[in-house]
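So you can see what is in the structure, the chains are spelled out below.
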Amino acid sequence: MNRTLRNTQYAILLILILAALLAIPVAAQGTNPPTDDDVNAVAKQLYCPVCENTPLDVCPTQACAQWRDLIRLKLSQGESEAEIKQYFVDNDGASVLKEPPREGLNWLAYIIPPLAILAGAAFLFGAFRRMKKPALAASAQSPEVDASADEYVSRLEAEVKKQR
Amino acid sequence: MTETMEAPVRRGAPLWAQIVIWMVLLALLALVGVTLNKRKQGTVQPGDVIPDFTLPLFDGYQYDGKSEVKLSDLRGKVVVLNFWASWCKPCEQEAAELQEAWEFYEPTGEVIFLGADYVDTEPEARVYLQKYGITFLNGPDMGTRISQLFRIKGVPETYFIDKTGVMRYVQVGPFSSLAQIQQQIDILLAE
Amino acid sequence: MLAQFGYGILVVTFVVALYSVTAAVFGYFNKSASLVESARRSMLLTFPLLSVAALSLIILLVQGDFGVQFVYEVTSKSMPTYLKVTAWWGGQAGSLLFWSWLMSAFASLATLRKWDRDREFLPWVIVVANVTLAFFVALNIFFENPFARLYQTFDGNIAAYTFAPANSMPFAPADGRGLNPLLRHPGMVIHPPMLYLGFVAYVVPFAFAIAALVTGRTDDRWIRITRRWSLWAWLFLSFGLVLGGRWAYDVLGWGGYWGWDPVEIAAFMPWLTGTAFLHSVMIQEKRGMLKQWNMILIILTYALVIFGTFLTRSGVLSSVHAFAQSAIGPSFFIFIGFTFVTSVGLLIYRWADLKAEAEMKSMLSREALFLLNNLLFMSVLVVCFWGVIFPLISELATGQKVTVGPPFYERANSPLFAALMLLMGIAPLSAWGHSTVATLGRAIWKPGVFAVGITLLAYATYTHNVIALIGFFLVALVILVTLYEFWRGARARQKTQGESFFAALARLTGRNRRRYGGYFIHISMMLMAVGILGIELFQKETQGTVQAGGTMELHGYTLVYKDIAQWDDFASGVNYTRAVVQVYKGDQLLTELHPRTDYYYESQQNMTIPGVRSTIADDVYVLLVDWEPASAIGATFKVYVNPLVNWLWVGSLLFLMGVIIAAWPEEEREPSAVRAKQNAHQTSAAD
Chain A
265 MNRTLRNTQY AILLILILAA LLAIPVAAQG TNPPTDDDVN AVAKQLYCPV
315 CENTPLDVCP TQACAQWRDL IRLKLSQGES EAEIKQYFVD NDGASVLKEP
365 PREGLNWLAY IIPPLAILAG AAFLFGAFRR MKKPALAASA QSPEVDASAD
415 EYVSRLEAEV KKQR
Chain B
20 MTETMEAPVR RGAPLWAQIV IWMVLLALLA LVGVTLNKRK QGTVQPGDVI
70 PDFTLPLFDG YQYDGKSEVK LSDLRGKVVV LNFWASWCKP CEQEAAELQE
120 AWEFYEPTGE VIFLGADYVD TEPEARVYLQ KYGITFLNGP DMGTRISQLF
170 RIKGVPETYF IDKTGVMRYV QVGPFSSLAQ IQQQIDILLA E
Chain C
92 MLAQFGYGIL VVTFVVALYS VTAAVFGYFN KSASLVESAR RSMLLTFPLL
142 SVAALSLIIL LVQGDFGVQF VYEVTSKSMP TYLKVTAWWG GQAGSLLFWS
192 WLMSAFASLA TLRKWDRDRE FLPWVIVVAN VTLAFFVALN IFFENPFARL
242 YQTFDGNIAA YTFAPANSMP FAPADGRGLN PLLRHPGMVI HPPMLYLGFV
292 AYVVPFAFAI AALVTGRTDD RWIRITRRWS LWAWLFLSFG LVLGGRWAYD
342 VLGWGGYWGW DPVEIAAFMP WLTGTAFLHS VMIQEKRGML KQWNMILIIL
392 TYALVIFGTF LTRSGVLSSV HAFAQSAIGP SFFIFIGFTF VTSVGLLIYR
442 WADLKAEAEM KSMLSREALF LLNNLLFMSV LVVCFWGVIF PLISELATGQ
492 KVTVGPPFYE RANSPLFAAL MLLMGIAPLS AWGHSTVATL GRAIWKPGVF
542 AVGITLLAYA TYTHNVIALI GFFLVALVIL VTLYEFWRGA RARQKTQGES
592 FFAALARLTG RNRRRYGGYF IHISMMLMAV GILGIELFQK ETQGTVQAGG
642 TMELHGYTLV YKDIAQWDDF ASGVNYTRAV VQVYKGDQLL TELHPRTDYY
692 YESQQNMTIP GVRSTIADDV YVLLVDWEPA SAIGATFKVY VNPLVNWLWV
742 GSLLFLMGVI IAAWPEEERE PSAVRAKQNA HQTSAAD
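Residue numbers (our numbering), protein chains in the order written: chain A, 265 to 428; chain B, 20 to 210; chain C, 92 to 778.
Keep in mind the hints are simulated off the structure, nothing from the lab. From a predicted model like this one, the values you see are computed outputs, not experimental measurements. Take these hints with a grain of salt, some might be off.
To be verified - Residues of chain B placed beyond 10 Å of chain C at every Cβ, according to the derived structure:
no. : residue
1   : A32
2   : E87
3   : G192
As the list claims (entries may be wrong) - Within a straight-line C-alpha distance of at most 30 Å, the following computed DSS-like cross-link-like pairs (lysine-lysine) qualify:
no. : chain 1 : residue 1 : chain 2 : residue 2
4   : A       : K308      : C       : K653
5   : B       : K182      : A       : K308
6   : B       : K59       : B       : K108
7   : B       : K59       : A       : K338
8   : C       : K492      : C       : K537
9   : A       : K338      : A       : K308
10  : A       : K349      : C       : K676
11  : B       : K182      : B       : K89
12  : B       : K182      : A       : K338
13  : C       : K168      : B       : K59
14  : C       : K122      : C       : K492
15  : C       : K122      : A       : K338
16  : A       : K308      : C       : K122
17  : A       : K308      : C       : K168
18  : A       : K308      : C       : K537
19  : A       : K362      : B       : K150
20  : B       : K57       : B       : K150
21  : A       : K338      : B       : K96
22  : B       : K182      : B       : K172
23  : A       : K349      : B       : K108
24  : B       : K172      : A       : K362
25  : A       : K362      : B       : K59
26  : A       : K349      : B       : K182
27  : A       : K349      : C       : K446
28  : B       : K89       : A       : K308
29  : B       : K85       : A       : K362
30  : B       : K108      : C       : K676
31  : C       : K631      : A       : K362
32  : C       : K122      : B       : K57
33  : B       : K59       : B       : K150
34  : A       : K362      : A       : K308
35  : C       : K653      : C       : K631
36  : B       : K108      : C       : K631
37  : A       : K362      : C       : K676
38  : B       : K85       : A       : K338
39  : C       : K168      : B       : K89
40  : A       : K338      : C       : K586
Yeah, the Cβ is synthetic: ideal placement off N, Cα and C, and Gly gets one too.
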């Protein structure tokens, strides 16, 4: 009996601690206005919608200052980073994101490069294999040719060995 | 030197590889060519039929009891579509004239003015609308969908669409006078 | 008058270039040496002609003849003379002329060489060079005339015309619009010329490659002739890229040096293929392999140069770097199509002749590792190319505009770069032709152990970041292996020649410039890698508004805002706002920085110039973001601490030295039976 009671007490304590922990950031957001750094942290992940390829956190135009103020406003209203980003996407189009959103045709952006690289690697590996086979046959006739091909290096090797 | 002595097998590039290379090359050229062509097009030209679009409206603006307005619902009316933004200095030059023109035509019921707010922040946009006392329908161009439809090059730009939904005149940059706006509308109203 | 003269010269150059092409083609097919010689001489004529045209433009710019549209657009009375000269490449029309001028200089240099042994290449080198030249000059003549004058027609419109339209009056504004302030930085003054030099220098190897394809002389002669050309081209291209980074760091005010902007990537892509080419030509020279691949690489490099120039200048890509919308797009597009199709066609036609002379022996041989290196460079290229092209595809297919930005490239490229570094660590130890795990292992374990030691040291003292530690390990490995190679070579020489160690080191490097210059480049790239790791992984930033006397803290530094001042410089039309910020570490005053904002009245543009304190450990980089007008009360600063970033710049300088070592002319060796000689008693130079 006693033990279960204690367990319950522990559970309540745990929940209280958790709640307190969770409440801290909420309270912090509620009381402290977001700093410039908080704003920049979000703005960094977005592009200025009107000037080409300029991250929003460093864009000097008045329009960008407005967007940063909007981020500040939304942060102070307790909106999360993801929500703010989504707001910008809805308003100004997907091009404000630093990467294409992972959906629909945009998956091509992420899939093609690895596929191409894999294909290249496979091709190269295949070429190695093809090159090696005749080489094995040929090396039976002339085993020494290539051993001396880099005479410079082998001379170096010899020297290095001598030093030991 | 045995390796160079082997009888060279004259083998050209495999046919499939040739086909793939030419296809890729052509696709690339086509892609770039089409894009180039698109970039050169500029804004929609007079005579172009405008595809339908829906403009959501800011709070406080309503059309027909709804908080959005659809171009196809406006057939039979002359539509003046103005792209603007609160950060756009030249837009402020024409804001008062546009409102004045709207007040002039509103009673006739034959003309609709639409303001599409291009990549803007809502708080500033509201301040702007209030400052110039703008009462014609206004809303954000969500996701730049409408501006892409018109391929706008900047703000302000104003498009005059006739009663049948055909774009008839485009003003790039701000209007210099009320008369300039009225002139275009009157032409379309007279038809 | 001078403008018309300059235009006339351009037209003459165009005709001469076309004549040269025609004469070369006829000379080749009719086996007429005199016709080819005539083609060669007319090619040599293009350089003085274009110099005269360029000089005319420079005189117009310096004199401030604002009746000429180009002069009106890029200069103003208040600009100093040197900027008026460099304004030459500050706009589309002028920079095209600059391109042509450099191109003719390089082509002329190439045609001045002794042609005794390579007569058959000559006509086709002329054809390729002069077709390219004629095309660029044509762009100037037909679309972007730098000499076009402003005329006012009777209805009051003012526009630029090459020839005076009917009923018009010449029009001359009182002052010009002035050069874009972003382009007034010294880095920007030389960044474009360097890039252009790199671009046009690649035309020469490409011309020889095409000549080899057309004539069917597909041995490695063309590679031997153009080896140094491609190195110099690579040098200029690298230098241009580095300068661009430095310029961004100093002027753009975002605390970085590289933004994965499409136009940056457009210049980076030929560098990638060019680098792959530098490595893989060695395999062809040593082992007679990869002939087809080298052809592909050089064609790709040239194609990417032209393609990049096209993307930047046609308005297809939008970017901070892009030139204004221009009419040259369609003709440029046709030229690109022509170039691609011809090159690929020729390559396929000669494919069978480009068979390898030797075979691959081992997966760990130097040539195999070089191939792996090529695969990695091509992979980076694929990522970059796809990143640039994909937004176009998306826009066409779905109408949705998307951006492909830094996270995309960084995620995809970092492992590839890491793999490249690993290869840099292994490849110098592997031998041509054959290598086994055992031989490699024996060579690498000592530097490997040291590198692990250094990494542990970094773990203990500097960072626990896994990516950084992997990076530091690879850097240490490459540097140690490379130094080990230097040491091994010098010791060997010391033994055999009885020289002192340093004399041996110097001789060794002097006798094997390409090899040891290359190693030098590897080491400096590793220093650059340290800088990149530092700024990418450890950059700290903060922003805040402070009152005069107020402080900001960042990463152990204390910044005190002392004062702000604002004044006009009427002579140059700039309004300066300059803050005084003191940097302390603890109680110790380190330095005083002056971040400022320059407002250019003419162009109504702001420039944010950072105040930077640089040390080998880090940069304190302060930007004046905002301030209360006409008061010293509050100002907003953005502060970055960029650890290790100076390693990037130091590394870049060493890198350039390395390339100069590698590319420094040495006597051309007799090419007769090179391969045989190599196999018989290969010694030094050609590595």
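Each hint, compared with the structure:
1. A32: Not fine: 4 Å to the nearest Cβ puts A32(B) too close to chain C.
2. E87: holds, 20 Å
3. G192: Holds, because the least Cβ-Cβ distance between G192(B) and chain C comes to about 16 Å, which exceeds 10 Å.
4. K308(A) / K653(C): Holds: K308(A) and K653(C) sit about 29 Å apart, inside 30 Å.
5. K182(B) / K308(A): violated, 45 Å
6. K59(B) / K108(B): With Cα atoms ~26 Å apart, K59(B) and K108(B) stay inside 30 Å; holds.
7. K59(B) / K338(A): violated, 39 Å
8. K492(C) / K537(C): Given that 30 Å is the threshold and the Cα spacing comes to 52 Å, the pair is violated.
9. K338(A) / K308(A): holds, 16 Å
10. K349(A) / K676(C): violated, 37 Å
11. K182(B) / K89(B): Holds - the C-alpha atoms of K89(B) and K182(B) are around 14 Å apart, at most 30 Å.
12. K182(B) / K338(A): violated, 41 Å
13. K168(C) / K59(B): violated, 34 Å
14. K122(C) / K492(C): With Cα atoms ~55 Å apart, K122(C) and K492(C) exceed 30 Å; violated.
15. K122(C) / K338(A): violated, 77 Å
16. K308(A) / K122(C): violated, 64 Å
17. K308(A) / K168(C): Outside the cut-off at roughly 39 Å; violated.
18. K308(A) / K537(C): Measuring from Cα to Cα gives roughly 43 Å; hence the hint is violated.
19. K362(A) / K150(B): violated, 34 Å
20. K57(B) / K150(B): violated, 37 Å
21. K338(A) / K96(B): The hint is violated at about 39 Å.
22. K182(B) / K172(B): holds, 25 Å
23. K349(A) / K108(B): holds, 27 Å
24. K172(B) / K362(A): Holds, because 22 Å separates the two Cα atoms, which is no more than 30 Å.
25. K362(A) / K59(B): holds, 26 Å
26. K349(A) / K182(B): violated, 39 Å
27. K349(A) / K446(C): violated, 54 Å
28. K89(B) / K308(A): violated, 36 Å
29. K85(B) / K362(A): Roughly 35 Å separates the two Cα atoms, so the pair is violated.
30. K108(B) / K676(C): violated, 44 Å
31. K631(C) / K362(A): holds, 20 Å
32. K122(C) / K57(B): violated, 47 Å
33. K59(B) / K150(B): violated, 37 Å
34. K362(A) / K308(A): This hinted pair holds, its Cα atoms lying about 9 Å apart.
35. K653(C) / K631(C): This hinted pair holds, its Cα atoms lying about 23 Å apart.
36. K108(B) / K631(C): Distance of about 35 Å is beyond 30 Å: violated.
37. K362(A) / K676(C): violated, 36 Å
38. K85(B) / K338(A): holds, 27 Å
39. K168(C) / K89(B): Not OK: K168(C) and K89(B) at ~53 Å, beyond 30 Å, violated.
40. K338(A) / K586(C): violated, 73 Å
Checked against the numbered hints given earlier, the structure breaks hints 1, 5, 7, 8, 10, 12, 13, 14, 15, 16, 17, 18, 19, 20, 21, 26, 27, 28, 29, 30, 32, 33, 36, 37, 39, 40 and satisfies all the rest.
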